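Asks: Chain residues, written in single-letter form:
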Amino acid sequence: MVTATRFNAPSPLQWVSVITAVFLLLPTCYIVYMALTAAPTSWSRLWSTRIPELLWNTLSLAASVAFITLILGLSLAWIMVRYDFPGRRIWEWALVLPLAMPTYVLAYVYAHLFGMGGPAEQWWQALMGPEARLVSPQSFTGVTLIMTLDTFPFVYLLARSALLNLNVSFEEVARACGVSPWTTLRRITLPLIRPAIAAGLALVILYVISDFGAVSLLRYQTLTYAVYQQMTGRYDQTAAGILSLLLVVMATVFLVTERWFRRRSRFHQTSGRYRTSTRHRRGVLRTTLIMTYVVPVFGAAFGIPAAILIYWSIAAISQGALDARFFGFVWNSSVLSALAAGGAVLIGLPLAYLASRRPSRLNIACLQAAYAGYALPGPVAALAVLVLFTQFVPVLYGSIVVLLVAYVLHFLPLGLQSMEPALQQVTPNVEEVARTLGCTTRHILRRVTLPLIQNGFIAAWVLMFLQIMKELPATLLLRPVGFDTLAIRVWLEASEEYYQLAAPSALLIVFLSLPALMLLVSKDWRGRHQEVVT
Amino acid sequence: MASSPRALLALALVLGTLILGNASSTPAIAADKLIVYSGRAERLIKPVLDEFQSKSGVQVELLSSGTTELVNRLQAEGDHTPADVFLTNDAGSLEHARELKLLRPMNMREVERAIPSQFRAPDNSWIGLSGRFWIVVYNTNLVKPDQITSLLDLAQPQWKNKLAIPNSGSEYLQAGVSVIKATFGDERTKQFLQGLKSNAGTQVYQKSSQIVEAVAKGQVAVGLVNHYYIYRHLAAQPTAPIAALMTDQQEGGMGAIMNVAGIGVTRASKHVENAKLLIEFLVAQAGQKLFADLDKEYPLHPDVKADPALIDRQSFRAALVPLARLAELREPTLTLIEQVGLR
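First to last, the sequence lines map onto chains A and B. Reminder that position 454 of the first sequence reads as 1023 in the working numbering, one-by-one numbering, no gaps. Reminder that position 186 of the second sequence reads as 462 in the working numbering, one-by-one numbering, no gaps.
Hints should not be assumed to be uniformly reliable.
[Stated by the list, open to error] Calculated cross-link-like contacts (lysine to aspartate or glutamate; reagent style EDC-like; alpha-carbon spacing at most 20 angstroms): (1) Lys377/B with Asp805/A; (2) Lys581/B with Glu614/B; (3) Lys493/B with Asp805/A; (4) Lys322/B with Asp892/A.
Calculated from the structure, these hints are not laboratory results. Bear in mind that the values here come from a model prediction, so they are computed numbers and not experimental data.
Please construct the entire structure, taking both the sequences and the accompanying hints into account.
Replies: Listed below in structure tokens is the structure:
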């Protein structure tokens, strides 16, 4: 790593990063190849039948979910950072809990509750007359709301830590110059936290367009779902390839836009005057007002579904659902997720480090390559991984290595979303200072850089762990024989409408995610180490 | 905290060896083992396999998934497949797997005695185990059975927004439409599909159980499903207002659309003897009864009676399109389905 200061001699780290990038790109190349070698008739057939509908469904869903999560996430973050009220600390982390609730679990709980003839509708009809109808969970509105409830914590978390880390002296200066609070918010605060918001929305949108579980349970046709249907319903995979290519293009366009946003607004803390904001204490009235906003959101996103899962689980457990097999699923899920998340952090480190420290074209390209995997929908990543493994390393095929590779490929970008900013927030000056003081690179890394980025990396690991625990399509398509995970169990039972039997596995996914989430929140996301940096 | 990446690495290595060690050590003790890929839902096959395991001592490992997906997987895996047998619900898929040379011809006297020849491949590379019919489920509060005599009736405008159908990836739908296409030709099939599409609207389901549920709740009046889903639903909820309707039985009509669940041994199987044991178990009278009853299907063994709850097999006739033709009909059928834009 010492040689990283020389332009002409590529360091070993650079080699590692280039090789990683090539491997991460392979599956995407395979998809592009598959789509471009498809017969033109396949293209025209799909254009005239499926593609317009699928594109519209996918884009409109992503846009509406992003819009609502932005409002929800930002307003909740604002409330939690700027106001003080009884029970604030509890609510502060309670709002992160929906991240532990897989979207397909929310989908199946709400499909039951609000579906035709479900409890909610019965109650509603008793109240409003027999002809009254509720919004169907299978409608556009229903899918949007369910997705929103599950993804707003991405925006909330990132906006919250950005607000926490914000130096209020900027705002105070503005206020002192007579700028109104609203303008201060618009001209000072929002631009400062814009990178965090953009990153949060990026997570949300990528999540929505690559989600498979919820849309399939709710029968809402998006591109990803259509790809899965093509893959599992056809012998000929070209249509799946073509639709996948569209997804890849869509995700890439979107990622590039997000990156451009973030690049335009990059801030380093430079002065020594750093203060966090003071919280405004609020009276009973305001507290009540805040609670009438926070409680229903939490209830819908976590409280009610969790209560129902517990209720169903008790019924299932009394029927003997907790056997040795079940604990096998638990073990499989935890180990797989921990391993894959750990692997992804290790693989992502050189990529993120080089791109933020030595942003040469090559290094940035390597990092971008890692994002390719997120653009691949789960089913397609699975297909590509399957083919590549059976062609080149058949020995490993049928082991969990195949699954791990698919997970790293698909979830590394999610980790990078918080590893990268963690590295970016450390101004290179600190490392340079350390170097002038005679530290070796290894020393700098250990004494300066790693402690500073540690929280961002832990957050990355946790986020990936949580998502992998919930992953469905790749696991469905690639799991070794007899190697089921909790997510698979939920899916298998829920799609056959055995809601009760699905509940213990779903509940356990939630439980296993809780410690990781607590870690995430207690670390205050990207850390409070800015004082050190200044 | 410099130790954290290193600790992670160490953890990863330890766990990795643990798991890989496990995975790679299993084939070593694999003498009495059988790996089953099943396109049949887990709960409808596992009890039978458990019974076989306890009778034979052969350790059975099961991977349940979608039928076409498993054929694709078998093909991608080729000689490296861990699977010994492929068990599924669609003769067309089994025949397709045979054409891809994924299955192994079997010479077994027990099979030829028990299963009539029209229900298996000529070289026994797949063997039918039970019969299933694609029929109409209707809500008894909303529909009178004499309103529908043929499947084609479902395409008529009176069923607008009153019909639930499986999605186009469903093998039942593909097989059913193939039979209609072979009987009535492309034009009428296309009209039929267009009617289905417009009548179903968004009521397009991934699972037949969901269709039955929708009909039972009155969300739609009629649905297209395999017959046993109705009886399965009735077994759980005896008061549900649903019933099965056997169509196309009029003089000179198409007949009911039949398909079979069946089994084949993979070409790459390393446990052929165990696979033979399983097949013997499944085609014997006791096995046939167990296998068909679990899913309320019709046993194929002529001496085994179906569940008395079902419509008597003697009282209706099946369409004449041979099962093995389902495979060759599938691609043109899918083209039709896609032209119509069924999702």
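Asks: Against the earlier hints, flag every one the structure doesn't satisfy and list their numbers going up.
Replies: 2, 3
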